[in-house]
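Novice: Take a look at the letters that make up each chain.
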Amino acid sequence: MAIVNRTPDSFYQPGVTWDQAAAMDRVHAAVVDGADIVDIGGVPARPADDVDVREEIRRTVPFIAAVREAHPDLVISVDTWRHEVGREACAAGADLLNDSWGGWDTRLVEVAAEFGAGVVCSHAGHLPPRTRPFRVAYPDVVEDVLTGTLALAARALEVGVEEERILIDPAHDFGKNTWHSLEITRRLGELVATGWPVLVSLSNKDFVGETLDVMVDERLAGTLGTTAVSAWLGARVFRAHHVRETRHVLSMVSAIRGDTPPACAVRGLA
Amino acid sequence: MITGAALCPSPPLLCPELTGGRAVAPELRAACREAVGRLLREDPEVVVIIGPAAASGPWFGVGGLNRSMFAPAIAGTGSDSPPLAIGLGSMLLDQAGYRGRRSLQAVGHDEAASVCVKLGAELDDPSTRMALLVIGDGSARRSLKAPGYLDPRAEAFDAECERAIRTGDLGALQRLDQTLARDLMATGWPAWQVLSGALASLNPVAEVLFSGAPFGVGYLVAYLHPCSLSAPARCLSRTVIGRTTTPAEYSTLMLTSLL
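So the sequence lines, in the order shown, correspond to chains A and B. Read left to right, the first sequence gives residues 0 to 269 (numbering that gives the first Met the number 0). Read left to right, the second sequence gives residues 0 to 258 (numbering that gives the first Met the number 0).
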């Protein structure tokens, strides 16, 4: 899942795909590099200037329509918590609603059902959209993630979202400190064991930065290491800035597990 | 008899085990150690920890910070976790090697100021040497990278708190707007009210040991003592003039009393 931010102020390479032509170039490149999904967002997760519904729609929906036209078979995800945006996005061709803020807008999932779209059920630590964790504490963070995401998945089913279109996401960094994000990574198998496909969004996040004590432009190795561990533990979708590198890691893990053969194996075989 | 009060903030990062390999905020930690050290040098018979929490009331459970709530990789205490402020206050006493009596008092975030002040005023017991460890934080909206993002009102709010404490003008704490404090995520508000109720009438002398917002949250570390305890001459001077002195006047009075 390639990240395409239609924002001027996201935390990683802010504004790099703010221009629509640059964003479309990014989509083309991501597809060439192996992305199966693009995740288009119009509002940064961190607190900053307000982006209202109208502006979020303006940033994302025409672009979604353009991507749909350019790539008819690409899975298009929209990163939003608002049902109004989800509705317009689905009408423009989006297939998946990436609800990063954990069902804050309870009507979003109803839009997914209405359009036959998918939905990502995330654990945002009970925080309102665009808020940072402040001294968050959990008796058992994984238990809280399981309870929250399973409840959202159950509601998605209840309102009519098709079972095969539901994913769960522990949402690293959202409502969590670094220790919590490491814990949900270590125990990702508990999420996988629920049977729901697990999405992880790890790319260049603060828990990687704090673990390695590196700034945002030095987090690729940490991101890829965490990607490998998560893949080994059974995660199925990886939201990423670096598509080609992520694809390579996933191909390696898949080959190590024996799920796929090497692309080309001749060493010692000639 | 209240022997003194230490004021410390409650970021979980005060706990060394929670911050990983690097020493985080060493100056802040040192200031807290110094404040608690001064508190204990007065040889109290009991230390009352006062900290904000979801609801008011004494805490009778295990007092220590349950580190596993913040870092699941660390073994937990296996019991009910105290409110963060209470747990961190206990940790600071443990770090100082204090083994004496301690009393844990939570104050609700939404408690009315008058209730908090009354609670503080009723703490004093003339027959017991009592020290107060007051745990509270300034605004968590001091910078763009703050937990609550930047609120331009935050710095002035925290500055007024600091002024009130630095000058011993604790009555001013009672005039802090509770709604504004909530907007600014200044979680220390109720604990400061208790501090005000406990010490405002005792003409406290304060020393601020740390003031800053290195992570976007206002941290204030201070030590306050009723001036009658260790500087009777200064108290006499302040009583004579019959009003709160300015810092400049106070310096003059100190000099006069020493001469």
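Certain hints may be false.
Each pair of labels, with its calculated beta carbon distance range [said to hold, decoys possible]:
id, chain 1, residue 1, chain 2, residue 2, range
1, B, 102, A, 251, 26 to 34 Å
2, A, 194, B, 99, 38 to 46 Å
3, B, 19, A, 256, 54 to 62 Å
4, B, 143, A, 251, 37 to 45 Å
5, B, 159, A, 48, 42 to 50 Å
Reference listing, derived: stretches of chain A covered by chain B, where coverage requires no fewer than 3 residues with Cβ under 8 Å from a Cβ of chain B [stated by the list, open to error]:
id, segment
6, 137-150
7, 234-246
Keep in mind that the hints were calculated from the coordinates and are not lab data. Every value quoted in this text rests on a predicted model; they were computed, and no experiment measured them. In this text, a Cβ means the ideal position worked out from N, Cα and C, and glycines have one as well.
Novice: Taking the hints in turn, state whether each one holds.
Specialist: Comparing the hints with the structure gives:
no. : hint                       : in the structure
1   : B/102 to A/251: 26 to 34 Å : violated (58 Å)
2   : A/194 to B/99: 38 to 46 Å  : violated (54 Å)
3   : B/19 to A/256: 54 to 62 Å  : violated (31 Å)
4   : B/143 to A/251: 37 to 45 Å : holds (39 Å)
5   : B/159 to A/48: 42 to 50 Å  : violated (28 Å)
6   : 137-150                    : holds (count 5)
7   : 234-246                    : violated (count 0)
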